[in-house]
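A.B. asks: Here is what each chain is made of, one letter per residue.
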Amino acid sequence: MAEVRTYRRPMPADWWTRNPSYVVYMLREASAVFFFLYALVLLWGLNALSQGEAAFDGWRALLATPAMIAFHAVAAAFALLHTVTWFMVLPKTAPTLRLGGRIVPVAAVVVVGVGASAAISAFIYAWVAGILPPGLAEAVRNLVPPGGAS
Amino acid sequence: MTDTRTIRIEALRFNPETDSEPRLQRYEVPFTPDMSVLQGLQYIKDHLDGSLTFRWSCRMAVCGSCGMMINGRPHLSCETFLRDLYPGPVRVEPLDHFPVQRDLAIDQAGFLDKLAAIKPYIVSAKERPLSEGPSRQTPAQLDAYYQYSQCINCLLCYAACPQFGLNPDFIGPAALSLLHRYNLDSRDIGWSVRADAANADVGVWECTVVGYCSEVCPKGVDPMHAVNENKVNSALDYLGVKRLLGGR
Amino acid sequence: MRIISADVVVIGGGGAGLRAAIAAAEADPGLAIALISKVLPMRSHTVAAEGGSAGVVRDDDSLDNHFDDTVTGGEWLCDQDVVDYFVRHCTEEMVQLERWGCPWSRKPDGSINVRFFGGMKVQRTWFAADKSGFHILHTLFQTSYKYPAITRYDEYFCADLIVEDGRVRGVVAIEIATGEMVLFHCKAAVLATGGAGRVFRQNTNAGIVTGEGMGLALRSGAVLRDMEFVQWHPTCLPGTGILMSEACRGEGAILTNKNGDRYLQDYGLGPLDPWPRAKAMELGPRDRLSQAFWHEDKKGNTIQTPHGSAVNLDLRHLGEKKILERLPLITEAARTFAGVDPVREPIPVRPAVHYTMGGIATNVHTETSISGLYAAGECASVGIHGANRLGSNSLAEIVVFGKVAGERAAHYVRSARPVSPGRTERQAEVSAARVLRLLGNERGERLAEIRDAMMDAMEEGVGLYRTESGLKAACRTLAELRARYRRGIRLDDRNRAFNTEWLAAIELGSMLEVAEAMAHAALWRRESRGAHQRLDATARDDRRFLVHSIARSGGDGAPQIKSAPVTITKSRPGSRVYGGAGTKAELT
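Chains as they are written, first to last, in the UniProt record's numbering: chain A, 1 to 150; chain B, 1 to 248; chain C, 1 to 588.
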């Protein structure tokens with residue numbers, strides 16, 4: 001049999017820069033790096049906390065440096081990107097979501113998902129910062145008594 | 001018709017008998033507003049250069065022959081119109097990630113082997129004679145797999161899949177969609193027949209959810225969904241749950 | 001030359017070829033079956049069939065109904081013994097496709113749904129939305145993977161048949177990727193190469209529908225039958241010829257002229273009410289509808305488009321839901337290729353060449369006049385279509401007779417005597433040399449010039465309505481074009497590997513011969529019947545022409561046309577009546 005000669009084009013290292021869909025994909029993958037780094041920062045803080053007040057204050061002071069603020073800003077942006085893209089991918093990775101026999105559109109999943117994430121994040125922030133509205137704070141106190149289980 | 005304009009088409013050329021590397025060749029093509037990229041290429045072949053090589057057949061987006069990269073994105077050339085690409089130039093190249101046989105024609109043999117690997121036919125629990133008439137399949141049961149039966153094997157999804165580019169052995173979006181199509185068919189015994197293909201190293205786990213395959217599919221098949229639902233199946237299989245469910 | 005040995009070679013990977021290969025493998029799993037196709041099987045033109053396939057399944061239908069619709073539709077030029085076999089086997093083949101996974105559209109209870117087609121007394125068309133051919137082809141192709149006896153040779157172009165002492169001995173092919181010549185030794189061969197619609201300019205056919213199976217058979221000594229009968233489908237997009245399925249009308253679409261009138265009632269298809277009703281108005285047969293267009297055009301009642309005149313195919317009253325559910329492909333095609341949304345606007349349509357009713361003459365067993373050579377599908381004339389094919393009979397034909405061909409070929413192999421391969425190989429070398437010569441022409445015309453001139457001659461002289469002078473002119477032009485072709489075509493591409501220009505040049509040789517057979521048969525038939533309409537002989541003439549035409553190769557000269565008897569068993573020729581009184585039909 002005569003051999004079929006073919007040309008195999010190499011896959012260039014920058015293949016992902018050539019298409020917006022690939023760029024978004026790579027950014028989503030890259031967001032994992034920032035989650036990892038952010039987890040390290042948190043672990044560092046926990047470790048500092050176990051070493052006493054001075055160490056913890058030192059860690060907190062470090063967080064206020066411009067470099068760390070910049071890092072957190074970038075990490076937050078990636079977290080947002082990851083959240084949005086995660087919900088965009090959700091309908092493709094889970095069994096088909098249907099409501100009343102009709103397939104739920106991706107846009108609806110993203111809006112509801114990102115909306116819920118934002119609401120939960122805002123709630124946790126307000127709770128920790130102690131700025132929950134009085135009614136809500138009361139409800140939370142009833143659900144989670146101070147000092148844990150009695 | 002009076003409404004004729006000219007557009008430049010730049011085609012990737014590769015002749016396996018004489019070339020070691022592909023090159024680009026430019027053609028100036030007169031076109032009318034109803035002309036597709038495919039018709040532009042046919043004009044070149046008829047009037048300018050009979051050696052330009054590309055596949056085509058039905059010219060109505062159902063046979064799956066004429067897929068190519070048009071300005072860097074995978075399209076069926078029969079349903080991509082020159083008017084939408086004006087003033088050009090229009091760059092046409094063979095589908096990404098496939099070996100090039102000649103000019104715009106890619107080597108499709110790998111895909112055909114992958115199709116064999118997923119057992120693309122009904123495997124039923126018991127053979128019933130034809131005299132018993134057709135099986136019943138409700139519209140809902142039909143709907144469960146119908147989308148995945150729409151694949152025309154045009155291979156645009158492979159050109160969209162960087163994982164296939166990085167690993168040519170990846171069974172890939174279209175073949176895995178067809179695997180899912182048969183697994184979901186109420187007449188088929190389902191998962192157990194095709195578990196090996198899905199579970200393999202080059203099966204569903206090679207997919208990293210880029211999702212571009214589903215974007216470029218000209219027939220509205222959602223290969224990414226097919227592949228990723230089968231990650232769930234593959235995980236359940238690994239945990240032994242699939243066997244408890246009777247292999248479906 | 002590479003040599004491959006097979007028991008059965010199937011040429012063509014469309015519906016008929018795949019069905020034949022599967023049938024042969026089921027008949028004898030020990031056979032070596034080679035399936036040769038110039039494209040990947042799923043690219044074959046079966047893929048573009050839309051509306052559906054006939055098979056009696058409703059309680060109010062019967063085999064007699066299907067028989068009558070077919071024979072009347074074919075204006076009594078059908079071989080009735082063959083039609084009888086055909087209608088008795090359609091439904092079983094539809095069920096077989098169902099078993100193999102074809103996603104037929106269903107009723108709410110899960111049973112098969114059927115729709116109306118033109119010229120049918122009762123709904124009989126099994127359908128998978130409007131992608132029936134696509135689903136049938138992919139079902140057959142994917143099912144073929146189950147049979148290890150079948151070895152596929154994808155993208156092998158069949159260049160010649162080797163026939164010795166009236167028996168088929170081999171097939172010479174070109175491996176397209178390399179350009180290498182390959183000889184398949186075989187004991188039996190099945191031609192399943194499809195039609196020849198591409199000899200005309202405006203047609204619904206894929207680029208591969210170039211009739212070279214017919215050309216191969218003709219050159220090898222087999223005969224073509226009823227080549228003058230070419231079907232114009234009445235509803236195609238102007239310019240491209242892209243098909244707007246008959247299923248549109250089966251689902252209730254109407255045809256109107258530029259004044260908004262349903263003009264079909266003026267052409268023996270009315271009255272309008274009650275509507276819809278079977279075999280009337282838009283549910284009339286294809287030949288009558290295409291001819292009605294021609295008259296409307298002459299009267300100046302058509303709308304003008306950049307690609308010629310047209311009438312309106314109006315689906316709007318069906319509603320978006322039904323249109324999208326039942327006719328998704330034509331909706332998409334109308335939007336993409338005509339820029340028209342059928343949900344909101346009527347689609348401009350006109351007739352275009354759709355189907356070659358004639359073909360390689362076979363009997364009911366698909367046997368040609370060459371021992372061991374079988375033919376099935378559009379390339380064949382098994383005798384069921386007569387002067388006008390009934391819509392949805394062709395998808396049924398490819399499976400019913402594809403199966404017969406495969407089984408017969410498998411059976412024939414058992415009785416075939418061994419022969420010395422040397423003689424076959426010497427013949428194959430001669431064939432290969434002839435084919436390779438095309439590559440070397442230093443002088444000659446461009447391929448497209450001769451091809452375009454052929455298409456023009458066919459449109460001009462062998463169109464919907466024909467005259468003696470027009471046909472004679474077409475015959476002269478085609479003879480000249482064949483002479484020019486023999487003098488030489490100069491190819492830009494002299495390479496062996498994937499040389500599609502070379503393949504197109506080989507195809508053109510066959511196309512010219514097939515076109516010539518069509519023109520000469522049409523000239524011979526001095527009457528009007530079904531799809532063959534003569535302005536100089538407007539009546540049907542059963543006394544002289546209730547016979548098939550037979551075209552035999554005249555070598556480099558014109559084909560010889562003779563007649564052959566038609567088999568009539570139970571339906572005596574009568575008048576072909578559509579429209580008239582009838583009850584309102586329920587469209588399901």
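The hints are simulated quantities; they were obtained by calculation from the structure and are not laboratory data. Just so you know, even glycine gets a beta-carbon here, dropped at the ideal spot from N, CA and C. Warning: the hint list may mix true and false statements.
[Stated by the list, open to error] Which residues of chain A face chain C? A few of them, derived with a C-beta cut under 10 Å, are: (1) 5; (2) 6; (3) 49; (4) 53.
[Said to hold, decoys possible] In silico lysine-lysine, DSSO-like type, Cα no more than 27 Å apart, as pairs: (5) B:231 / A:92; (6) B:126 / A:92; (7) C:299 / B:231; (8) B:242 / A:92.
A.B. asks: If a hint holds in the structure, say so; if it doesn't, say that too.
C.D. replies: Structure-based check of all given hints:
With a cut of 10 Å, the hint placing residue 5 (chain A) at the interface with chain C holds, because the nearest CB-to-CB distance is about 7 Å. Taking 10 Å as the C-beta cut-off, the interface hint given for residue 6 (chain A) holds, the closest approach to chain C being about 9 Å. Of the supplied interface hints, the one on residue 49 (chain A) is violated, with its beta-carbon coming no nearer than about 61 Å to a beta-carbon of chain C, more than 10 Å. At its closest, the beta carbon of residue 53 (chain A) sits 68 Å from a beta carbon of chain C; the interface hint therefore is violated under the 10 Å criterion.
Restraint check for residue 231 (chain B) and residue 92 (chain A): satisfied, since their Cα atoms lie roughly 11 Å apart, inside the 27 Å limit. The straight-line distance between the Cα atoms of residue 126 (chain B) and residue 92 (chain A) is roughly 33 Å, outside the 27 Å bound, and the hint therefore fails. At roughly 64 Å between alpha-carbon atoms, residue 299 (chain C) and residue 231 (chain B) are farther apart than 27 Å, so this suggested pair is violated. A distance of roughly 21 Å separates the Cα atoms of residue 242 (chain B) and residue 92 (chain A); the hinted pair therefore holds under the 27 Å criterion.
In this structure, the earlier hints numbered 3, 4, 6 and 7 are contradicted, and the remaining ones agree with it.
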